[in-house]
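Q: Make the full structure from the sequences, and use the hints.
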Amino acid sequence: MKNFHAEHHIQSFGFYFKTFVLLAILMVATIVAAQIPDWFPGTAHFLKETMVGSILMNTIALGIASAKVYLVVSNFMGVKFADNVTKMYALTGFVWVTLMGIMFIDYWTRPWEEVKGWENKAPGAMPRGSASGDDEFGNVGKQQEIRPYQQ
Amino acid sequence: MAHVADSHGHGHKPEGVFEQYEDLHQQQSTYVLGMWSFLVTEVMFFGVMFMSYLLYRWKYQDMFYQIHHDLSWQLGGLNTANLLFSSFAVVMAVRCAQLKQNGSVLKWLGVVQLCAFGFLAIKAIEYKAKYDHGHLMLIPGNNFQWHDTAIPAGIGKLFYSLYFAMTGLHGVHVVIGILIFGVMMLLYAKKSHLVQNDYIPLELCGLYWHFVDLVWIFLYPLFYLIPK
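First to last, the sequence lines map onto chains G and R.
Heads up: the first sequence is residues 15 to 165, going by this note's numbering.
Heads up: the second sequence is residues 17 to 244, going by this note's numbering.
No lab work stands behind these hints, which were simulated from the structure alone.
Please note that a few of the clues may not be correct.
Below are the BS3-like pairs computed for lysine-lysine, each with C-alpha atoms no more than 27 angstroms apart in a straight line [claimed, not checked]:
#: 1; chain 1: R; residue 1: Lys-29; chain 2: G; residue 2: Lys-62
#: 2; chain 1: R; residue 1: Lys-207; chain 2: R; residue 2: Lys-29
#: 3; chain 1: G; residue 1: Lys-62; chain 2: R; residue 2: Lys-123
#: 4; chain 1: R; residue 1: Lys-29; chain 2: R; residue 2: Lys-123
#: 5; chain 1: G; residue 1: Lys-101; chain 2: G; residue 2: Lys-32
#: 6; chain 1: G; residue 1: Lys-94; chain 2: G; residue 2: Lys-32
#: 7; chain 1: R; residue 1: Lys-75; chain 2: R; residue 2: Lys-173
#: 8; chain 1: R; residue 1: Lys-144; chain 2: R; residue 2: Lys-173
#: 9; chain 1: R; residue 1: Lys-123; chain 2: R; residue 2: Lys-244
#: 10; chain 1: R; residue 1: Lys-75; chain 2: R; residue 2: Lys-244
#: 11; chain 1: R; residue 1: Lys-29; chain 2: R; residue 2: Lys-116
#: 12; chain 1: G; residue 1: Lys-32; chain 2: R; residue 2: Lys-123
#: 13; chain 1: R; residue 1: Lys-244; chain 2: G; residue 2: Lys-62
#: 14; chain 1: R; residue 1: Lys-244; chain 2: R; residue 2: Lys-139
#: 15; chain 1: R; residue 1: Lys-75; chain 2: R; residue 2: Lys-123
#: 16; chain 1: G; residue 1: Lys-94; chain 2: R; residue 2: Lys-206
#: 17; chain 1: R; residue 1: Lys-244; chain 2: G; residue 2: Lys-32
#: 18; chain 1: R; residue 1: Lys-123; chain 2: R; residue 2: Lys-139
FRET-style restraints, in silico, Cβ to Cβ [claimed, not checked]:
#: 19; chain 1: G; residue 1: Ala-38; chain 2: R; residue 2: Lys-206; range: 33 to 39 angstroms
#: 20; chain 1: G; residue 1: Val-46; chain 2: R; residue 2: Leu-210; range: 42 to 48 angstroms
#: 21; chain 1: R; residue 1: Leu-49; chain 2: G; residue 2: Gly-28; range: 24 to 30 angstroms
#: 22; chain 1: R; residue 1: Ser-53; chain 2: G; residue 2: Phe-27; range: 28 to 34 angstroms
#: 23; chain 1: R; residue 1: His-149; chain 2: G; residue 2: Val-99; range: 46 to 52 angstroms
#: 24; chain 1: G; residue 1: Gly-28; chain 2: R; residue 2: Ala-140; range: 32 to 38 angstroms
Positions of the beta carbon are idealized from the N, C-alpha and C atoms, including for glycine.
A: Following this line, the structure appears as structure tokens:
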């Protein structure tokens, strides 16, 4: 109830302008980060061809995007100054997206389980475990192996 | 709760406060919360598209990386800057509405409209380039023509289906934004009573526009700046 009687505070021009400048800096940073392998060929192998480099580059790109989203939601959309209930709405709205990661567990584990009759895959479909070998999309078919509980 | 007792005791509300609200602040917070409920449904709407993108990107990371070179990060970057500035223009318009400076509201909304039309113009240039990509048609459909022998045509179709679906849906939101800001400009120009003493209608349109900006903030690195 702390904010119940609070007057709506009008933010200053400087507050909004600083936020915009920060967003612009982050935008330039994300572009520069993406061009580093091309501008500095010495780093290209590490950043493009190794797993660590790939994870690093993707984390930087999405980290900067998340920072920009935070600034827009907090300062431009005014969630920073909003009621707690609005804050909760904003937060849970974005948490929902992370819950969809659970679906990845399904796709991630599919190749582990052979499914009879799944050999005729639709073009581009996520593969089930299949004994029929590689398809035209470069999916590697499940290698013949015996699951432990069948032994 | 002296406040509640007081309003019950006297039975009158400040001007512009409807029956079911205690005061103006509660009324305005409720409007904003309603808009956020809508925006959460929009997060779900776009969320499933990002989900399918992530799924296929995860599966065909190397090929998506090769294909993304067809997109111009310069044009995408220009549009990112454009949308960020339009978001700034929107908060300035809302700020002027709070200060009851109607003339400035119209000016800032004009800037927003310019940015929005500029965004669509750049998008049109990009789409045209895919329609006629060195005499190749890259828009998925019966006439889709693929050029890269190292990458299966199916993956090319997949990438461009996601690209056109996601940027297209985002573009539709930009067009809707142009329409609602057009209506707001009309209301402010005509000094309508709907917006004269109440900045909330403009604030809610602004929240929508910031959301459109948020979607692009993720679309840009995911399509134009794909790291390998």
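Q: Does each hint fit the structure? Answer for all of them.
A: Status of each hint after checking the structure:
1. As the CA atoms of R/Lys-29 and G/Lys-62 are separated by approximately 64 angstroms, the hinted pair breaks the 27 angstroms bound.
2. The hinted pair formed by R/Lys-207 and R/Lys-29 meets the criterion: a straight-line CA distance of about 25 angstroms does not exceed 27 angstroms.
3. At roughly 46 angstroms between alpha-carbon atoms, G/Lys-62 and R/Lys-123 are farther apart than 27 angstroms, so this suggested pair is violated.
4. Only pairs whose Cα atoms come within 27 angstroms are accepted, and R/Lys-29 paired with R/Lys-123 is rejected, the gap being roughly 34 angstroms.
5. Note on G/Lys-101 and G/Lys-32: the hinted pairing holds, with a Cα-Cα distance of about 22 angstroms set against a maximum of 27 angstroms.
6. Between G/Lys-94 and G/Lys-32 the CA atoms are separated by roughly 15 angstroms; this keeps the pair inside 27 angstroms, and the hint holds.
7. A threshold of 27 angstroms between alpha carbons decides the hint, and for R/Lys-75 with R/Lys-173 the separation of about 15 angstroms falls inside it, so the pair holds.
8. Between R/Lys-144 and R/Lys-173 the CA atoms are separated by roughly 17 angstroms; this keeps the pair inside 27 angstroms, and the hint holds.
9. Taking the CA atoms of R/Lys-123 and R/Lys-244, the gap is near 43 angstroms; set against the 27 angstroms cutoff, the hint is violated.
10. Of the pairs offered as hints, the one joining R/Lys-75 and R/Lys-244 holds, with about 13 angstroms between alpha carbons and a cut-off of 27 angstroms not exceeded.
11. Between R/Lys-29 and R/Lys-116 the alpha-carbon distance is near 22 angstroms, which keeps this suggested pair within the 27 angstroms criterion.
12. About 21 angstroms separates the Cα atoms of G/Lys-32 and R/Lys-123, which keeps this hinted pair within 27 angstroms; it holds.
13. As the CA atoms of R/Lys-244 and G/Lys-62 are separated by approximately 5 angstroms, the hinted pair is consistent with the 27 angstroms bound.
14. At most 27 angstroms may separate the alpha-carbon atoms for a hinted pair to count; R/Lys-244 and R/Lys-139 meet this at roughly 25 angstroms.
15. Taking the CA atoms of R/Lys-75 and R/Lys-123, the gap is about 47 angstroms. The hint is violated against a cut of 27 angstroms.
16. With a C-alpha separation of about 33 angstroms, the suggested pairing of G/Lys-94 with R/Lys-206 is violated against the 27 angstroms cut-off.
17. As the CA atoms of R/Lys-244 and G/Lys-32 are separated by approximately 33 angstroms, the hinted pair breaks the 27 angstroms bound.
18. A threshold of 27 angstroms between alpha carbons decides the hint, and for R/Lys-123 with R/Lys-139 the separation of about 24 angstroms falls inside it, so the pair holds.
19. Between G/Ala-38 and R/Lys-206 the beta carbons are some 35 angstroms apart, a value that agrees with the proposed interval 33 to 39 angstroms.
20. The hinted window of 42 to 48 angstroms between G/Val-46 and R/Leu-210 holds, with their beta carbons roughly 45 angstroms apart.
21. Taking 24 to 30 angstroms as the suggested C-beta distance range, the pair R/Leu-49 and G/Gly-28 conforms, at roughly 28 angstroms.
22. Taking 28 to 34 angstroms as the suggested C-beta distance range, the pair R/Ser-53 and G/Phe-27 conforms, at roughly 30 angstroms.
23. Between R/His-149 and G/Val-99 the CB atoms are about 49 angstroms apart, so this pair conforms to the stated range of 46 to 52 angstroms.
24. The hint said 32 to 38 angstroms for the Cβ distance between G/Gly-28 and R/Ala-140, and at roughly 36 angstroms that hint holds.
Hints 1, 3, 4, 9, 15, 16 and 17 from the earlier list are contradicted by this structure; the remaining hints agree with it.
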